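**Student:** Residue numbers (the working numbering), protein chains in the order written: chain A, 3 to 290; chain B, 3 to 290.
Treat the hints as calculated values from the structure; they're not laboratory data. You may find that some hints are simply not true.
Below, computed lysine-lysine pairings styled on BS3-like, alpha-carbon distance capped at 30 angstroms [as the list claims (entries may be wrong)]: (1) K250(B) - K163(A); (2) K160(A) - K239(B); (3) K102(A) - K120(B); (4) K163(A) - K163(B); (5) K81(A) - K259(B); (6) K98(A) - K160(A); (7) K91(A) - K259(B); (8) K46(B) - K122(A); (9) K91(A) - K46(B); (10) K250(A) - K259(B); (11) K94(A) - K81(A); (12) K46(B) - K16(B); (13) K262(A) - K16(B); (14) K82(A) - K102(A); (15) K166(A) - K166(B); (16) K259(A) - K262(B); (17) K14(B) - K250(A); (18) K250(A) - K122(A).
Partial pick of chain B residues on the chain A-facing surface, computed with a CB cut under 8 angstroms [said to hold, decoys possible]: (19) D70; (20) Y73; (21) R161; (22) K262; (23) S263.
What you are looking at is a predicted structure, and each value in this text was computed from that prediction instead of being measured. The beta carbon of each residue, even a glycine, is placed where N, CA and C say it ideally should be.
There are 2 protein chains.
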Amino acid sequence: MLIGAIEAGGTKFKCAVATSSGVILQDTTIKTTTVEETMEKVLKFFSSFPIKTLGIGCFGPICLDQTDERYGMILDTPKKIWANYNILKTLKDALKCPVKITTDVNASAFGEYYYGYKKKYQNLIYVTIGTGIGGGIVYNGNLLQGHHHPEIGHMILKRDKDDKYESTCPFHSDCFEGLASGISLDKRYNLSYEELSLREDLLRREANYIAQGIYNLYLTFAPDKIIIGGGVSHQEKLLPFIREEFRKLNNNYYTYKAVKSIEELIVSPVLKDNSALYGAIALGVMEK
Amino acid sequence: MLIGAIEAGGTKFKCAVATSSGVILQDTTIKTTTVEETMEKVLKFFSSFPIKTLGIGCFGPICLDQTDERYGMILDTPKKIWANYNILKTLKDALKCPVKITTDVNASAFGEYYYGYKKKYQNLIYVTIGTGIGGGIVYNGNLLQGHHHPEIGHMILKRDKDDKYESTCPFHSDCFEGLASGISLDKRYNLSYEELSLREDLLRREANYIAQGIYNLYLTFAPDKIIIGGGVSHQEKLLPFIREEFRKLNNNYYTYKAVKSIEELIVSPVLKDNSALYGAIALGVMEK
Numbered sequence: 003m004l005i006g007a008i009e010a011g012g013t014k015f016k017c018a019v020a021t022s023s024g025v026i027l028q029d030t031t032i033k034t035t036t037v038e039e040t041m042e043k044v045l046k047f048f049s050s051f052p053i054k055t056l057g058i059g060c061f062g063p064i065c066l067d068q069t070d071e072r073y074g075m076i077l078d079t080p081k082k083i084w085a086n087y088n089i090l091k092t093l094k095d096a097l098k099c100p101v102k103i104t105t106d107v108n109a110s111a112f113g114e115y116y117y118g119y120k121k122k123y124q125n126l127i128y129v130t131i132g133t134g135i136g137g138g139i140v141y142n143g144n145l146l147q148g149h150h151h152p153e154i155g156h157m158i159l160k161r162d163k164d165d166k167y168e169s170t171c172p173f174h175s176d177c178f179e180g181l182a183s184g185i186s187l188d189k190r191y192n193l194s195y196e197e198l199s200l201r202e203d204l205l206r207r208e209a210n211y212i213a214q215g216i217y218n219l220y221l222t223f224a225p226d227k228i229i230i231g232g233g234v235s236h237q238e239k240l241l242p243f244i245r246e247e248f249r250k251l252n253n254n255y256y257t258y259k260a261v262k263s264i265e266e267l268i269v270s271p272v273l274k275d276n277s278a279l280y281g282a283i284a285l286g287v288m289e290k
Numbered sequence: 003m004l005i006g007a008i009e010a011g012g013t014k015f016k017c018a019v020a021t022s023s024g025v026i027l028q029d030t031t032i033k034t035t036t037v038e039e040t041m042e043k044v045l046k047f048f049s050s051f052p053i054k055t056l057g058i059g060c061f062g063p064i065c066l067d068q069t070d071e072r073y074g075m076i077l078d079t080p081k082k083i084w085a086n087y088n089i090l091k092t093l094k095d096a097l098k099c100p101v102k103i104t105t106d107v108n109a110s111a112f113g114e115y116y117y118g119y120k121k122k123y124q125n126l127i128y129v130t131i132g133t134g135i136g137g138g139i140v141y142n143g144n145l146l147q148g149h150h151h152p153e154i155g156h157m158i159l160k161r162d163k164d165d166k167y168e169s170t171c172p173f174h175s176d177c178f179e180g181l182a183s184g185i186s187l188d189k190r191y192n193l194s195y196e197e198l199s200l201r202e203d204l205l206r207r208e209a210n211y212i213a214q215g216i217y218n219l220y221l222t223f224a225p226d227k228i229i230i231g232g233g234v235s236h237q238e239k240l241l242p243f244i245r246e247e248f249r250k251l252n253n254n255y256y257t258y259k260a261v262k263s264i265e266e267l268i269v270s271p272v273l274k275d276n277s278a279l280y281g282a283i284a285l286g287v288m289e290k
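The shape of chain A in the complex, shown without the other chains (with noise of 0.2 angstroms):
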């Protein structure tokens, strides 16, 4: 039986036909133009094989709310061509078969869990620090969904007092993603990756607002790993810094028998940079 998945981001679509055990047969790579470009490739791709059912984590924010008839829609984007698009009805009607959509962050979350962790651990955040900023919630094995899914990005965080620039949110003057996001990072302190990486007064701010946000969400869910993904996870000096700033922050108040230390309770993604790819498949094979 033959499951397909899509990681639908805002400059590339990855698509995969696997197995039901996860294993990926054949998968391409398309790059996100205009929606009919794109999409017709998409179809093209998938209409090869014979596939049960497909998994989508597409960039958001969408609506997941089944009970609106919005549900499967890209809602407001920066990524302007794409907004008020129904994904999930276009791939549903063109596919004739089942298909379940989530965001990406969602289905690297959800990756993360059933490829990763299903055996050991039931509950677990995923964060991705990327252009933007946003988190997934496995809560007793089950994506968390409100009437929303979660927009943890724009979570209100305390600014370093010598932190001068200008939030990147349109929004908020002082929210996660405003002051962290690699879009943040690119417009308020204009320098390259390797130059950044150079700069640990920087880096420790970045890891103090990351280990700010994941501490608000580690007192609501007590959960056994947070995971932090996303391209800027990629500075290497980033994650020791975070748990630092994480220990700082706790600062002996609140730990659980469950999770044994904080190198513990925040790694790396299991699955690299394809996480959400992963849980696109993990998508399909629950809708088959």
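Add chain B to chain A, keeping to what the hints say.
**Tutor:** Structure of chain B alone, referenced to chain A:
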């Protein structure tokens, strides 16, 4: 069939016997003193009734991890004589019936859900702004519980730039509880309840801290209701100020269809000061 319920607080224990439909037949209030004296009175009250199950909402932190041998134990609490006391075990052994325990604020959240909103809504958050600050989260009709109950009172917040008072939290210089709890208001401003009610500047700051705390939860859970309880919430001007500050923070960023207005989202408890007692009854009912 009779259900027993206890709201175990740091200053008093409210005990009740109710029918399974939630009608309280008999109740009493016992002052919280030593463990022995308090528990003797509690057991004496229940000894006259053939209760089938007991629900408890207890001041925390409590070990709620059922795989931990300390399950049901009050952990390291400022009320030192109650620390490391397993209140669940005592009640189970003495009353010889199923006993369900959770925190007082979890009980409040569950009471508001079970006897207030159950028929319409499945996702709500109860935040208590009392001596301390805590939160209980009902997600899909159940209390959210990772490896520990939520500890949202210690989320890191953005401090008001004019707030030069020290945090009263021994662990965090800028956490929700350290900046905005009843103790924090008392120690930091040294004003009576009446004096504070005249200080619109301080009430607005308080409202902003509360708005930040609940905004972070709103972004994460997209709930139907956020209920503000606890002694500090009795300040009449506070709720309108919280809504105003919440609106300013959100700055038109994020809404979802299920919630029509901030007035509908952020509300006072339906069960007034009895949310936790009714929640304890509901827990008892669920155990039967």
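**Student:** So, for every hint listed, does it hold in this structure?
**Tutor:** Taking the hints in turn, this is what the structure says about them:
1. K250(B) - K163(A): holds, 22 angstroms
2. K160(A) - K239(B): holds, 26 angstroms
3. K102(A) - K120(B): holds, 28 angstroms
4. K163(A) - K163(B): holds, 10 angstroms
5. K81(A) - K259(B): Within the cut-off at roughly 22 angstroms; holds.
6. K98(A) - K160(A): Roughly 48 angstroms between the alpha carbons, so the hint for K98(A) and K160(A) is violated.
7. K91(A) - K259(B): holds, 20 angstroms
8. K46(B) - K122(A): Violated - the C-alpha atoms of K122(A) and K46(B) are around 44 angstroms apart, more than 30 angstroms.
9. K91(A) - K46(B): violated, 63 angstroms
10. K250(A) - K259(B): At roughly 39 angstroms apart (the allowed maximum being 30 angstroms), K259(B) and K250(A) break the hint.
11. K94(A) - K81(A): holds, 22 angstroms
12. K46(B) - K16(B): With a Cα-Cα distance of about 13 angstroms, the restraint between K46(B) and K16(B) holds, given a limit of 30 angstroms.
13. K262(A) - K16(B): violated, 37 angstroms
14. K82(A) - K102(A): Roughly 23 angstroms between the alpha carbons, so the hint for K82(A) and K102(A) holds.
15. K166(A) - K166(B): holds, 19 angstroms
16. K259(A) - K262(B): violated, 41 angstroms
17. K14(B) - K250(A): Distance of about 36 angstroms is beyond 30 angstroms: violated.
18. K250(A) - K122(A): holds, 28 angstroms
19. D70: Result: holds, 6 angstroms to nearest chain A Cβ.
20. Y73: violated, 11 angstroms
21. R161: At about 7 angstroms, which falls below the 8 angstroms cut-off, the nearest Cβ of chain A leaves the hint on R161(B) intact, so it holds.
22. K262: For K262(B), the interface hint is violated, since the closest Cβ of chain A sits about 12 angstroms away, which is over 8 angstroms.
23. S263: violated, 14 angstroms
The structure is inconsistent with the numbered hints 6, 8, 9, 10, 13, 16, 17, 20, 22, 23, although it conforms to all the rest.
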